[in-house]
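K.L.:
Hey, can you work out the whole structure from these sequences and the hints?
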Amino acid sequence: MLWKRLVNIHERCVLRHSNLNGIKAADVCLLGELRQCNSEDRPSPSLWFPPNTVCAFTVEEFHPWGSFADIILQNSLMGLFTSLSSPSKFALSVIRDIVNGVTFLHTDMAGTRGRPALAHRNICLENIYLKADGITVCIGGLEYGLSALPSPPPLPMEQLLLAYETHLLEFGPESIHQDPSALSSTS
Numbered sequence: 001m002l003w004k005r006l007v008n009i010h011e012r013c014v015l016r017h018s019n020l021n022g023i024k025a026a027d028v029c030l031l032g033e034l035r036q037c038n039s040e041d042r043p044s045p046s047l048w049f050p051p052n053t054v055c056a057f058t059v060e061e062f063h064p065w066g067s068f069a070d071i072i073l074q075n076s077l078m079g080l081f082t083s084l085s086s087p088s089k090f091a092l093s094v095i096r097d098i099v100n101g102v103t104f105l106h107t108d109m110a111g112t113r114g115r116p117a118l119a120h121r122n123i124c125l126e127n128i129y130l131k132a133d134g135i136t137v138c139i140g141g142l143e144y145g146l147s148a149l150p151s152p153p154p155l156p157m158e159q160l161l162l163a164y165e166t167h168l169l170e171f172g173p174e175s176i177h178q179d180p181s182a183l184s185s186t187s
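All residue numbers in the sequence shown are consecutive under UniProt numbering, ending with 187.
Don't take each hint at face value.
[As the list claims (entries may be wrong)] Simulated restraints on C-beta separations:
id	residue 1	residue 2	range
1	E126	A91	14 to 20 Å
2	A119	V94	28 to 34 Å
3	E165	R121	16 to 22 Å
[Unchecked claim] With a straight-line Cα cutoff of 20 Å, these simulated EDC-like cross-link-like pairs (lysine to aspartate or glutamate) come out:
id	residue 1	residue 2
4	K24	E61
5	K131	D108
6	K89	D133
FYI, nobody ran anything at the bench for these hints, they're computed from the structure.
All C-beta atoms, glycine included, are put in the ideal place defined by N, C-alpha and C.
P.N.:
Right, dumping it as structure tokens:
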């Protein structure tokens, strides 16, 4: 469901901005149709899930530095700072890029291909990526983004509430934290 939200947001809202992580491609297939390209130290997902399990993929922009959380965990932030002439200029550049990305998201654009303003709802170190140049950052993790309902709403309010309740039941904490072996036995 989060995959569907992310793809819909990118398709519907035309989110092309240098400070937003872009999607290059998205696809859905069955687990049984995937080639077995796992290494020996990583077990195949088919051991946990039946072959008719639906797999959803997104191909996003590649950021070799990773997220800020990755950089901090690897302690490579100090190495990055020592390679820069001025850490304070880098910090200001990061803040400027984040503000530019959030401003773009929050701006409502009118027109035939206009888009509603979006609220990110999950800006954290895991969703801020350092680009390959080592200076520019972009914001990812838009699958939890929200926008105002179009007027009129696409569905009656009762159907929207039912869809929301179904989403909560399907992706509630008790269903997310299940043991993978329990999933294959229930299918």
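K.L.:
For which of the previously enumerated hints does the structure constitute a violation, in increasing order of number?
P.N.:
2, 5
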